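Chemist: Can you make the complete structure from the sequences, with help from the hints?
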Amino acid sequence: MAKVRILTSSAESSERWEAQLRKGALEMAALASLWQGRLYGLEIIRALESRSSLALAEGTIYPILNRLKAEGMLASEWVEAEAGHPRKYYSLTEPGRLRLGQMAQAWASFSLGLTNLLQPVLAAQEACQ
Amino acid sequence: MIAENTVDVYLAELRAQLGGMTLNEREEIVFEIAAHIRDAMEQSGASAGTILARLGPADELAKQYRDGLLIRQASRSVSPVALLRGALRLATTGVSGMVVFFLGTFGYLMGGGMVLSGLLKPIFPANTGVWFREDHFVSSGTLFPPPPAPVHEILGIWYLPLMLVLGSLTLLFTTFAIRTSLRISHQWKAKLS
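Here the protein sequences line up with chains A and B, keeping their order.
As numbered in my numbering, residues 16 to 144 make up the first sequence, in order.
As numbered in my numbering, residues 410 to 602 make up the second sequence, in order.
A portion of the hints provided could be inaccurate.
Said to hold, decoys possible - No farther apart than 25 angstroms at their CA atoms in a straight line, the calculated lysine-lysine pairs in the PhoX-like style are these:
#1 Lys472/B / Lys103/A
#2 Lys472/B / Lys38/A
#3 Lys103/A / Lys38/A
#4 Lys84/A / Lys103/A
#5 Lys84/A / Lys472/B
#6 Lys84/A / Lys38/A
To be verified - Pairwise CB distance ranges (calculated):
#7 Ser106/A / Pro570/B: 50 to 58 angstroms
#8 Asp468/B / Gly128/A: 39 to 47 angstroms
#9 Glu437/B / Glu141/A: 24 to 32 angstroms
#10 Gly52/A / Met507/B: 39 to 47 angstroms
#11 Pro570/B / Leu132/A: 54 to 62 angstroms
#12 Gly521/B / Gln140/A: 51 to 59 angstroms
#13 Glu64/A / Leu578/B: 37 to 45 angstroms
#14 Ala421/B / Val136/A: 29 to 37 angstroms
#15 His545/B / Leu132/A: 46 to 54 angstroms
#16 Leu564/B / Ala72/A: 28 to 36 angstroms
#17 Trp32/A / Ala462/B: 37 to 45 angstroms
#18 Leu133/A / Leu578/B: 28 to 36 angstroms
#19 Asp468/B / Glu64/A: 20 to 28 angstroms
It should be emphasised that the hints constitute simulated quantities derived from the structure, not laboratory data.
Because the structure is a prediction, the values reported are computed rather than measured.
Where is the CB? At the ideal position from N, CA and C, for every residue including glycine.
Modeler: Structure (structure tokens):
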């Protein structure tokens, strides 16, 4: 019984950790999704779902876009769409591009270091499977 | 019809929970979320209930907008109340936020106490000062009663300007430290999402 409880709690804390990790990366991911050009909220969500494994509660992204815009990282404009209602398109500003570049470099060196560290763990897990 | 009602109720709840924002900001947020719901329903064919569930509860969504705004406003403010409110909000998100909040509170109490004690020097000259017994520090501040003899107070009336300067510097440093912490936190973390 105690063992089951420990396993359950370990799975829960692992899920919580993964959720925190996703949230932490979301700001950078939202900026990165706009690298190629302007997108509206739902397109950003779809881009994050299809091009990364960042499945998220859809409401999460809008307050982040709002904050990034207030910080001057993003610009937005309302565009009348074929759908019959206007959509709010976001695009990267110059400071946003700069910030994303810095984030990408920091992320690349951080993940490379961690991957090296985790190599033996991953190798052991592959051997078990 | 039912779907429209559900969406309208959701948007009304969202609008009601976005207090503290300007009317323009509030309406733009509601307008954008309404556009999201319409697009998501048209593109995925999902029901209004499913789309709203994916968005999360209206009050939770509004809270994420409000939290971002509060910390943003506080990081530009010099008001201790606004700064401590921002730090308190940050404190709910992790240990570093709690440290900022407690150190901020300590800094304001300390700085405020020093200024107050300095101002009390002309009113209670015998009870306010820095006391030494021979070469050893005994106590400082405004004390009722003052430390028992044999002690001597070393600053005299200079206690007033010294405490005003030190207290003001402590208050300024605390303000600067909280603002910097808030700015760093909302620049580098998507913690409130």
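Chemist: It remains to establish, for every hint, whether it holds in the given structure.
Modeler: Status of the hints after comparison with the structure:
no.: 1; hint: Lys472/B / Lys103/A; result: holds (21 angstroms)
no.: 2; hint: Lys472/B / Lys38/A; result: holds (16 angstroms)
no.: 3; hint: Lys103/A / Lys38/A; result: holds (23 angstroms)
no.: 4; hint: Lys84/A / Lys103/A; result: holds (12 angstroms)
no.: 5; hint: Lys84/A / Lys472/B; result: holds (18 angstroms)
no.: 6; hint: Lys84/A / Lys38/A; result: holds (18 angstroms)
no.: 7; hint: Ser106/A / Pro570/B: 50 to 58 angstroms; result: holds (55 angstroms)
no.: 8; hint: Asp468/B / Gly128/A: 39 to 47 angstroms; result: holds (40 angstroms)
no.: 9; hint: Glu437/B / Glu141/A: 24 to 32 angstroms; result: violated (50 angstroms)
no.: 10; hint: Gly52/A / Met507/B: 39 to 47 angstroms; result: holds (41 angstroms)
no.: 11; hint: Pro570/B / Leu132/A: 54 to 62 angstroms; result: holds (56 angstroms)
no.: 12; hint: Gly521/B / Gln140/A: 51 to 59 angstroms; result: holds (56 angstroms)
no.: 13; hint: Glu64/A / Leu578/B: 37 to 45 angstroms; result: violated (51 angstroms)
no.: 14; hint: Ala421/B / Val136/A: 29 to 37 angstroms; result: violated (50 angstroms)
no.: 15; hint: His545/B / Leu132/A: 46 to 54 angstroms; result: holds (53 angstroms)
no.: 16; hint: Leu564/B / Ala72/A: 28 to 36 angstroms; result: violated (60 angstroms)
no.: 17; hint: Trp32/A / Ala462/B: 37 to 45 angstroms; result: violated (24 angstroms)
no.: 18; hint: Leu133/A / Leu578/B: 28 to 36 angstroms; result: violated (47 angstroms)
no.: 19; hint: Asp468/B / Glu64/A: 20 to 28 angstroms; result: holds (25 angstroms)
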